[in-house]
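Here's the letter readout for the chains.
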Amino acid sequence: MAEKRATHWTALVLIVLVVAYAGILLIAPITAIVQQAFVDGIQPMLDSITAPDAREALRLTAIIALATAAINTVMGILVAWVLVRYRFPGRCFIDGLVDLPFVMSPVIVGYVVIVLFGREGWFAGLSIAFTPRAMLLVTVFVSLPFVVREVMPVLRAMPPEQEEAAYTLGASRLLTFRRIILPTIRPAVIYGLVLTLARALGEFGAAAVAGGGVQGYTENATIYIFRSIHDRNDTGAYSMAILLGVISVAVLLSMNILKQVQSRRSQ
Amino acid sequence: MQNAARLEQEAVNAPRPQLDLSGWGLRGTAIVYLLVMIALPVFVVFSSGLQAGLSGFWDNVSHPHAVSALRVTLVTAAIMTVINVVMGTLTAYVLVTYRFPGKNVLDALIDLPFAIPTLVTGIMLVLLYGPQTALAGFLQDRFDVRVLYARPGIVLALLFICYPFVIRAVQPVLVQLDERQPEAAYTLGASGWYTFRRIVFPAIRPAMLSGGMLGFARALGEFGAIVIVAGNIPLRTQTAPVYIYGKVEAGNMPAASAVSVVLLGVALIVTLGVDWMQRSRQHG
Amino acid sequence: MSIVLERVTKIYGTEQVVRDLSLTIEPGELFVLLGASGSGKSTLLRMIAGLAATDRGSIYLNERDVTHLPPQKRGVGFVFQNYSLFQHLTAAQNIAFGLDVKRMPRREKKQRVQELLELIELPEHGNRRPAQLSGGQQQRVALARALAPKPDVLLLDEPFGALDVNIRTQLRRKLRQIQQQLGITAILVTHDQEEAFELADRIGVIEQGELLEVGTPVQLYRHPKEAFTANFIGQANWLSAQRNGRCVYVDHLQLPAPENTDHLSGHDVDLLIRPESVVVLPAGYDVQNPLGQGIVEQIEFAGTHERVTVRLENGTRIQAMVSLVDIHEYNIQHQSRVVVGVRDYHLLPCRA
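Protein chains in written order, with our numbering: chain S, 3 to 269; chain H, 50 to 333; chain F, 87 to 438.
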């Protein structure tokens, strides 16, 4: 009996500890920013994020995020499929490469773009550095692993007999992919896509270095926030930060719900 | 014969080489894509960092500002990792083991740092602990602790960003842990704490380690949040990524590249170590 | 639709998983490839389907060389051990898959699917998803799916391996019935000799990638050419013997030589005696072809029979299947003194 009582108390202490930690670490900062939104009312915020430079920054962020999502979904599925289904020399090495963007500092990523495409770069002639293309490139890089890593375990768990059955029934590779593989990996693809989008929306360091942060040309939403802080335009910085945060969280939430609905439907 | 059976089984399960060209085309595309997108950048970092030879590299790395930036980065990331492993494991354990009101909300919140742009994280911390806030004044007066524009701020930002790593690594292992194992321990007379130490802990240790190390590697490169909260005072709160950023902006490529080599090198060693650990565990 | 394999070989790494194997399967035949796991039987089946590449040799389906055709172009139906139904499609959609590939018109397709659902006796289960079906039902759907595009050949890879014993028996009968009804040429791979006996027109015994022996179940059981076959199919007593003149000598005993064994004359041979061909009677009785007297060492209940182990005076152990009636009538018990005779036996060249 004494034993049980002790566990009971341990449980309570542990739960309180964990909730308090999450509260201080996660919830307090979020509350702080939400509170900030209501200090001066909504109107000044709306004004600042509908200003031309803010709109331009948002537009660039949206375009790059969508393009990144498209590229990384297609290439991510391809890479995952090749890594799971084929055996070739150096596969382990290639497999290990995929995670690298997770640990490479965004600043270094941007720096690499400058070295490759900058004014004295290896491929200076391609005029990629300090353009939106450079920002797209780095954003694709930093979010490359998401779809791959979500899809790979699902593909691996999918018995190869499923594909083989389709082949023996006369289905071409493409048809097999569309009708058999894609439906199976769809939830994983969607989840990877969400993470990609969230990451792409918030990319700052790499985009700032590679794009140069030219206002109205290579300034995305995060760079806008950074510039606003420097310019002591706190309202602009905070409103854009809130907007970005809300969009990211909303994307994550909605796709999470979609994923749940889908997995429920397939059962 | 058993060997032959295994061989055939492997032959059946193994990814099968295909003869047709489309297979090679897809494979080639994927491999070339990864090599260009990922291997090339790594190559660029190391080759440009060592372009001026080892002595040139050493001169740049041993500059007091560079040394300090690397030290600040490593120390804050290490402190964060220790806290993160302990609290992350605890959180995962509580989430898997107990039922309590708000549990689902907490579980959903954990992925939040993955979604929120780190620059926004930095701003949230500024709003919470900024010089003009009541909390900052309280902490300053009572405990003489400065959070913002100081190292605690860096650690706090890193903790926020790396919050999910350990939890999401440990949680599935705990869920899969056969609940009969602890039960067997109880029937053998082991107490709760003893059972955790001898049964649960060994099972989750690899996940704790790999989650912690991946968080550490991630933290080494963090820029967006830190550039906001750290104040970037050379020799005190300037981290390596911020240092690199400054050098790139100033056009001092040799200095940027030298520190990049060290930073990326450490991150690579850590991730390769984790990878190796997981592989040897799977095969061993 | 015949299947002809000419000296086919499959190599994985340095291992020859299938070795120089030739085989002809007649139209409408149900051929069973019987072998232990790792014998190469599944690989051979996958080669015929085009799921594994053939490294050497040729494969002909109905006199058409398909050796280098992809599985899509071979016109084979394949049934996998683990059903491998498409999890996100219903039973009917699974069956319709191969028809979709052929772009069969909707109405015709619907009719064909219903036909097949009825063939496998699941007419009401078309809308179920695989997860809602039992293992046996899933495997029946998998069979219907393979049959739907009217393949020329049906290939089954341990199709009953994952099922319970009684469902397995039911499904075997069902499969045999459907195969005969459609007159389709079929190859079934299994390690289960009982299954092979029940289903096969002919059995091919495969071991280490080589086809040891082909024959009807009765041929292989009663007159195997290889000791491996004799041991793999059913139980066996082995005695060392010599064949001389018209007789077979086992130690000092003498048995009449079976027919068609003159080529073994003057050689050491192995004598194969199936347990059900052994006669066990109390000592003193007359038996045909006596092997000698001995003591009953062990009696095990084996359902319709008792499995009796007798230790002969010269130390040899003989296993016999004795009917329950005889056990009681002759009061055969543990430690009884008995005399052992043989009704039937078979000679093989000496293994050594």
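Worth double-checking, as some hints may not be accurate.
Unchecked claim - Computed footprint of chain S on chain F; a stretch qualifies when at least three of its residues, placed anywhere within it, have a C-beta under 8 Å from a C-beta of chain S: (1) 179 to 189; (2) 363 to 377.
To be verified - Pair by pair, the computed Cβ-Cβ distance ranges are: (3) H:GLY151 with S:PRO155: 53 to 61 Å; (4) F:PRO435 with S:PRO155: 51 to 59 Å; (5) F:GLY389 with H:ALA252: 43 to 51 Å.
Since the hints were derived computationally from the structure, they do not count as laboratory data.
For clarity, every value in this text was computed on a predicted model and none was experimentally measured.
From the three backbone atoms N, C-alpha and C, an ideal C-beta is built for every residue, glycine too.
Hint by hint, here is what the structure shows:
With 5 residues carrying a beta carbon less than 8 Å from a beta carbon of chain S, the stretch 179 to 189 of chain F meets the three-residue requirement, and the given coverage holds. Check result for the stretch 363 to 377 of chain F against chain S: violated, 0 residues qualifying (beta carbon to beta carbon below 8 Å, three or more required). For the pair GLY151 of chain H and PRO155 of chain S, the beta carbons lie near 30 Å from each other, so the given range of 53 to 61 Å is not met. The beta-carbon spacing between PRO435 of chain F and PRO155 of chain S, approximately 55 Å, falls within the hinted interval of 51 to 59 Å.
A hinted range of 43 to 51 Å holds for the C-beta pair GLY389 of chain F and ALA252 of chain H, which are about 46 Å apart.
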